[in-house]
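Novice: From just these sequences and the hints, can you work out the full model?
There are 2 protein chains.
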Amino acid sequence: MGANWKITLSYDGADYHGWQVQPGLVTIQGTLAQGIERITGETVLPQGSGRTDAGVHALAQVASFSLAAPIPPENLQRALNRTLPSAIRILSAETVPPEFHARHSARSKWYEYRIFRGELCPPWTARYAYALHWPLHMDALHAAAEVFLGEHDFSSFAAGDPDASERAAQESPENGNVNPVREGNVREIYASSWSLHGDMLLYRVHGNGFLHHMVRNLVGTMLDAGRGQLRPGDLPGILAARDRSAAGPTAPARGLFLMRVIY
Amino acid sequence: MGANWKITLSYDGADYHGWQVQPGLVTIQGTLAQGIERITGETVLPQGSGRTDAGVHALAQVASFSLAAPIPPENLQRALNRTLPSAIRILSAETVPPEFHARHSARSKWYEYRIFRGELCPPWTARYAYALHWPLHMDALHAAAEVFLGEHDFSSFAAGDPDASERAAQESPENGNVNPVREGNVREIYASSWSLHGDMLLYRVHGNGFLHHMVRNLVGTMLDAGRGQLRPGDLPGILAARDRSAAGPTAPARGLFLMRVIY
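First to last, the protein sequences are chains Y and R.
Each residue of the first sequence is one higher than the last, beginning at 57 in our numbering.
Each residue of the second sequence is one higher than the last, beginning at 57 in our numbering.
Mixed in with the good hints there might be a few duds.
Only some residues are given here: those of chain Y computed to face chain R with a beta carbon under 7 Å [unchecked claim]:
hint, residue
1, TYR67
2, SER142
3, PRO178
4, TYR184
It should be emphasised that the hints constitute simulated quantities derived from the structure, not laboratory data.
Beta carbons are placed, not taken as given, at the ideal position from N, Cα and C, and that holds for glycine.
Specialist: See below:
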């Protein structure tokens, strides 16, 4: 009897060309598929809860796939961790009902963006944070983060590349996404806040979905507010513009972590 | 007026072919030399306190070199940190008397070897630790570490490669090393101990000099004692054999950090 599988995994994305399989490039999805094939002999393409870009990390990404052969969940987890490079770790593996799909079934996600504020960013931190020395006004960051709470059209914060519309289409109801809120570029943000932990400044955001580059564009724009290049009061207008060129730059991938996917 | 310089630097050695310049390979020494040349226009080869192998990290390596052009120390530090990749950070830069030489003037060094003992080694830890799941007898590790204290001929723990004798020659008095203790393969160890910090098992060692691969060979051999493959009581005999084949395996580079060089 075959089964539908759900795995939760951590990865260091620094040396990978993102989640999605691409010809000739080393990706998380491709490496995972190779590992599964090596263990089971079955060729599957694990579906992630969403794609992460090149250099983006995951504390707990979720992927689903079907396997024909039965295998005890602990064995699959242990065998994958033995086979995969140490940059990818399987935190758990379990069988789930056939209707579970890592992307379509996802209700919400948490992301975290890490900014190192100390004088000198240690090499072992630099892979996992954006080292930023400019003075930042915390009040402006807090005010900016609050603007994004609730339901908004986030077109101004969606990547302007062709990939973005493809992603939007993939998330549309016609393609199996039953959550009616995620039409077009409208998303709902449940939590959005900055906090300082020693030398590490963290932005944590929880929402029912995220457009391509959305968290990095939110962060880049809020940092502009933190530096005084724009005022938090400008942000509602930037949202309303529904135009990528209205918002600030894309923050570097290295600071971004997919923290949790909620089903 | 030119000056003799001493810099202290951290690096993540995972993506480098060790400290020493090698044709066609990316090394710490070579990358540092390129950075200095880019800033000052001067071609120098910074001399490290010692070489670190491919994959070995440094919390505080020390290097020395001479520059003809005067430059304020803070400017050199800042400019190097702007030029160098984030995997190499200059912690300090200072001018020193002309007789200072990072290797010849070094009196002693601290190394640390990191072993991850948890169930699943997170990707961001795996680059900087050896993940080891075997049961280990702490009593055996403690007893083994004590055996190395004091002055010994560490030939059994020196790499068996041609590089090793070259290194020994470089450290010999004929080549400017004025410390008479460091002849041949005799070294004095001042501190050698294991300690457990949460999931991280650390071996810390302080000595007046270390042969090629010596710390990794000490660790690999002590781990054999910890696993019960040999008894701590076997270690004096292994030292006395002065034969690499008498000792245990070389522990992986990723767990090793050069922590401090004392002058």
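Novice: A separate judgement is required for each hint: does it hold in the structure or not?
Specialist: Against the structure, the hints:
1. TYR67: 6 Å, holds
2. SER142: With a closest approach of 4 Å, the Y:SER142 hint holds.
3. PRO178: Constraint on Y:PRO178 satisfied, holds at 6 Å.
4. TYR184: 6 Å, holds
When each numbered hint is compared with the structure, no violation occurs for any of them.
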